[in-house]
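Please take these sequences and the hints and turn them into a complete structure.
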Amino acid sequence: MDNKPVVTRFAPSPTGFLHIGGIRTALFSYLWARKNGGKFILRIEDTDKEREVEGSIAHIQQALSWLDLEWDYGPDKAAPFGSCIQSERLATYKQFAEKLVAAGHAYPDPYTTAEVETFRKQAEAAKKPFLFREHRPAEAKAWNGTDPLRFKVPEIKRFKWHDAVRGDLEAGEEALDDFILMKSDGYPTYNFAHIVDDSLMGVTHVMRADEFISSTPRFLSLYQALGIEPPVFVTLPPILRDDRTKKLGKRDGAKDVLEYRVEGYLPEAMVNFLALIGWNPGTEEEVFTTQDLIARFELEKIHKAGGAYNEDKLLWFNRQHILKLSDESFAEHAATFLPESISTKSAMFRRLLPILREKISLFNEISAMFGPAGELNFAIKAPKVQVEFLLWKKDPSKEKASKHIAEARKLIAELDAASWSNDTISAAASIKAAIWPYAEAQGRGDVLWPVRTGLTGQERSPDPFISAALLGRDESLQRLDAALALLQA
RNA sequence: GGCCCUAUCGUCUAACGGUUAGGACGGAGGCUUCUCAAGCCUUAAAUCGGGGUUCGAUUCCCCGUAGGGUCACCA
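According to this note's numbering, the first sequence is numbered sequentially starting from 1.
None of these hints come from the bench; they were simulated from the model. Among these hints, one or two may not hold up.
In silico DSSO-like links for lysine-lysine, alpha-carbon gap of 30 Å or less [what the hints assert, rightly or not]:
{"id": "1", "residue 1": "K381", "residue 2": "K394"}
{"id": "2", "residue 1": "K157", "residue 2": "K304"}
{"id": "3", "residue 1": "K400", "residue 2": "K345"}
{"id": "4", "residue 1": "K313", "residue 2": "K250"}
{"id": "5", "residue 1": "K127", "residue 2": "K183"}
{"id": "6", "residue 1": "K410", "residue 2": "K432"}
{"id": "7", "residue 1": "K128", "residue 2": "K141"}
{"id": "8", "residue 1": "K255", "residue 2": "K359"}
{"id": "9", "residue 1": "K410", "residue 2": "K394"}
{"id": "10", "residue 1": "K4", "residue 2": "K49"}
{"id": "11", "residue 1": "K400", "residue 2": "K410"}
{"id": "12", "residue 1": "K400", "residue 2": "K432"}
{"id": "13", "residue 1": "K160", "residue 2": "K49"}
{"id": "14", "residue 1": "K127", "residue 2": "K99"}
{"id": "15", "residue 1": "K4", "residue 2": "K301"}
{"id": "16", "residue 1": "K94", "residue 2": "K77"}
Derived DEER-like restraints, expressed as beta-carbon distance ranges [said to hold, decoys possible]:
{"id": "17", "residue 1": "Q62", "residue 2": "R350", "range": "27 to 37 Å"}
{"id": "18", "residue 1": "T283", "residue 2": "E311", "range": "18 to 28 Å"}
{"id": "19", "residue 1": "L90", "residue 2": "R241", "range": "36 to 46 Å"}
{"id": "20", "residue 1": "G227", "residue 2": "L325", "range": "45 to 55 Å"}
{"id": "21", "residue 1": "Q224", "residue 2": "K94", "range": "19 to 29 Å"}
{"id": "22", "residue 1": "T15", "residue 2": "D474", "range": "18 to 28 Å"}
{"id": "23", "residue 1": "E139", "residue 2": "D72", "range": "46 to 56 Å"}
{"id": "24", "residue 1": "G227", "residue 2": "P5", "range": "19 to 29 Å"}
{"id": "25", "residue 1": "G227", "residue 2": "K324", "range": "17 to 27 Å"}
Quick caveat: nothing in here was measured; it's all calculated off a predicted structure. Backbone N, C-alpha and C fix where the C-beta goes; we use that ideal spot for every residue, glycine too.
Put into structure tokens, the structure is as follows:
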């Protein structure tokens, strides 16, 4: 390759949110730029006013920021080449358009849309591909600067080009036609604007999904007419729906990536997951930080074939990254999903953290754990139980339940204060050490079931040791006393 | 329909002519166990089909087949 500094760009149109497909394209572009110490540009392609959705630009930036895909130039970051928003670069496109007109490479479209549509229908009826260039006006009028402008393909020929992923590609004359450069509303088309901008912005590697392969001959033809050296084309494989029947798209339920944040996915997990759809370092490692990915990323390792989106795997990645989080960071994430009644300054909050970390794959599972049937609901609400519930199903005797609860109560009451530390795991270990021999001797279920249900009042919950450690000494003893009172009533 | 692209377990993938085709997710079974998770162990599961080339093809070539993409004043 040459020694130009690597510049990549992600160029979404502001038509709504970003889904996984778009983000993966952004990610690969970002990784490649960072790996080479180059620049990553966020360019907004808002040349279709009709489809534009209010607020999209900010939303797109939020999504990229969430994933920590920092851009060097963008709508909010001044660039040496001017605005990164295409609607603010109209004068530039017009200038290039005039250059093309002057060189005889462009001409105003003399037909109305209805007329063009008629040509198209005729071609269709004749079962022939519609080509505008077959209807080129014999003599081009001068361009008044507002009429739609068409590119006059200088040379109808077979194009061959190289793609960093797909290798040598080619397409014939049928892929070439006189496409629109400037629309009647004064905006350029994507086909025109992106080529002008990529050139002006020094973009060296264009990464995009494979739907653009078939228009590459048109692009090459335009690069040629403009006298611009084309960038390296890097065609990314599509991300398929989980049933693999088609490309993942918004209509197929592809959701806003920011929704994953709401559900409690970690950005690291999302990045890790997406990096491994369509790329693989060639080793058996799977869990990577973004820094790891930057170090390992290679264009040669990008796949040709599409890969399906698989939420189970994403969930697994999320758990892996939850396990990697620092305590502080885990606490911060967990706090947003915990009920308000648990203050982040409370002992309960600190005691809960290691238990939550052990259990969850997704942060929003925390909300459910404190819901009505949640397994940790007991931690914030004293149990209301029926006597029968306290009885071990294999030996439902009130006397035995009373006896075991009383004994367990005594054993844990004897524990010193240090045993009840806020370190839940070690507190639970102390409590277990106190009760376990007795439980072993009497029958584990016989002892542990009444103790646990006495503490939690729940069918499902953490084990009695962890439950007691969470509740703390006073609350635990109090609940056991209440259970005893119930049994003896 | 024309043109273009793609093809390894259900899914993500490893293999860059020579492996008992490996790993991961998910599945199944087991261990652990008072319940629910987590964790650990074991296991089933793939080279789309047919021709070549080669001593030898997942790998290279051709033809099928299947899937995808694209044929806009959308990007």
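Going down the list of hints, with the structure as the test:
A threshold of 30 Å between alpha carbons decides the hint, and for K381 with K394 the separation of about 28 Å falls inside it, so the pair holds. Pair hint K157 plus K304 holds up; C-alpha atoms about 26 Å apart against a cutoff of 30 Å. At roughly 40 Å between alpha-carbon atoms, K400 and K345 are farther apart than 30 Å, so this suggested pair is violated. Among the hinted pairs, K313 with K250 is consistent with the structure: their alpha-carbon atoms are about 21 Å apart, no more than 30 Å.
About 28 Å separates the Cα atoms of K127 and K183, which keeps this hinted pair within 30 Å; it holds. Simply put, K410 and K432 have alpha-carbon atoms about 13 Å apart, close enough for the 30 Å limit, and the pair holds. Between the alpha carbons of K128 and K141 the distance comes to roughly 28 Å, so the proposed pair stays at or under 30 Å and holds. For a cut-off of 30 Å, the pair hint linking K255 to K359 stands: about 26 Å separates their Cα positions.
This hinted pair checks out: K410 and K394 have alpha carbons roughly 24 Å apart, not beyond 30 Å. With a C-alpha separation of about 35 Å, the suggested pair K4 and K49 falls outside the 30 Å cut-off, and the hint is violated. For a cut-off of 30 Å, the pair hint linking K400 to K410 stands: about 15 Å separates their Cα positions. A C-alpha spacing of about 20 Å is found between K400 and K432, which places the hinted pair at or below 30 Å, so the restraint holds.
Taken as a hint, the K160 and K49 pair is broken in the structure, with Cα atoms around 34 Å apart against an allowance of 30 Å. For the given pair, K127 sits about 36 Å from K99 by alpha-carbon distance, which is inconsistent with the 30 Å threshold. Taking the CA atoms of K4 and K301, the gap is near 22 Å; set against the 30 Å cutoff, the hint holds. Note on K94 and K77: the hinted pairing holds, with a Cα-Cα distance of about 24 Å set against a maximum of 30 Å.
A beta carbon spacing of about 31 Å between Q62 and R350 agrees with the range 27 to 37 Å that was offered as a hint. In this structure, T283 and E311 meet the distance hint of 18 to 28 Å, their C-beta atoms being roughly 24 Å apart. At about 37 Å, the beta-carbon gap between L90 and R241 stays in the expected band of 36 to 46 Å. Between G227 and L325 the CB atoms are about 52 Å apart, so this pair conforms to the stated range of 45 to 55 Å.
Taking 19 to 29 Å as the suggested C-beta distance range, the pair Q224 and K94 conforms, at roughly 21 Å. Checked against the hint of 18 to 28 Å, the C-beta distance between T15 and D474 comes to roughly 58 Å, which is inconsistent with it. For E139 and D72, the hinted distance range of 46 to 56 Å is satisfied, since their beta carbons lie about 47 Å from each other. Separation of G227 from P5 is about 22 Å and conforms to the stated range, judged on CB atoms against 19 to 29 Å.
As the Cβ distance of G227 to K324 is approximately 50 Å, the hint placing it in 17 to 27 Å is violated.
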